[in-house]
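Asker: Spelled out, the chains give:
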Amino acid sequence: MKEYTTEIRNMVVAYCIALGDDSLTLGHRLSEWSSNAPFLEEDLALTNVALDLIGRARMFYTYAGELEGGGRSEDDIAYLRDCREYRNFLINELPIGDFAQTMARQLIVDVYDMGFFTELTRSTDSTLAAIASKAVKESRYHLRRSKDWVIRLGDGTDESHQRMQTAINTLWDYVPELFAMPADEQLLLDAGIAVDRSALKYVWQSTIDEILHRATLEIPTGNHSIEGGREGIHTEHLGFLLTELQYLQRAYPGLQW
Amino acid sequence: MNKQALPLFEVFIRSKRGLDHRHVGSLHAEDPEQALDYARDVYLRRSEGVSIWVVRSANITASQESDVGSFYDPMDDKPYRHATHYKLPKEVDNM
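Going down the list, the protein sequences come from chains X and A.
Just so we're aligned: 197 in our numbering is position 197 of the first sequence, and the numbers increase by one with no gaps anywhere.
To convert a position in the second sequence, counted from 1, into our numbering, add 257.
Keep in mind that the hints were calculated from the coordinates and are not lab data.
Heads up, none of these hints are tricks.
Under the rule of at most 25 angstroms between Cα atoms (straight-line distance), these lysine to any residue pairs were calculated in the SDA-like manner:
no., chain 1, residue 1, chain 2, residue 2
1, X, LYS134, A, GLY306
2, X, LYS134, A, GLU305
3, X, LYS137, A, SER308
4, X, LYS137, A, TYR300
5, X, LYS137, A, SER304
6, X, LYS137, A, GLU305
7, X, LYS134, X, THR124
8, A, LYS273, X, TYR141
Bound conformation, chain X alone:
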């Protein structure tokens, strides 16, 4: 593990927790499809992706706990924080909606993840770089699926097209947050640890444009932005998500399997 100054270390811990929160909230959302997906094969595929994301969260939380040196475990970090302490992007906590919305979000996040984790493999922090290498492989597969579904549904029946367009429009306002860099992250970027998220926008946009075009979908033009996740300001949905996610540890503190 790298030797960091206290200031940098605390920022890296916060960075890891935010990245873990992104994966955990989205992984939890996808797990809600378990036994509810349109058919068996898709059920397994969705929960596989959910497990990839939850596994990713575990790696980030574990590393955050180690760096912090205060004895917090991955479980402590996942189960014993309330909404305001969660730092995930808002898009990850939104409800699953219909299948189109689930897949539209997946596309937006998967394309973002491919760009983000590819860059993070070059982090001077070797643990972050290692987690990123694993994440890139997973996200490449996630993207293959979400891209396929967005094109299939967008270029499908009138109803599937309409639902996919509605989903893309609904989620669009949550996109700018992905590329907004807070001051702390800028410092970590200068230290060679973090990724310049603002620089990912261009490739993200052109990839999405191409996919939406193939899916015969309109690219939304609005530039309204809903953000706050990285500061702990969330939508009303996160509270409900955490209520379910944290139920067992809240009801029976310290319970182990």
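We have chain X; now place chain A onto it with these hints.
Answerer: Only chain A this time, still in chain X's reference frame:
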């Protein structure tokens, strides 16, 4: 989605390089590409293989139960088609 409309695919997996693909089961998918993805999710969750084949079940022509008599029974009285039917000279140790 109307699941009834999804075609059935048979899935074959090669577990290691050098081994043959073996039939592991079937699944429903819209087209071969999607079937390949689902095969990965349904049958390769614990790194069971290194290569996947999928083929539309409808494209498989299978022998029928009613063919048993003419297809397989005639072999029963032709033991000379089996290597074990022949006595080997002592000089040939193992074959």
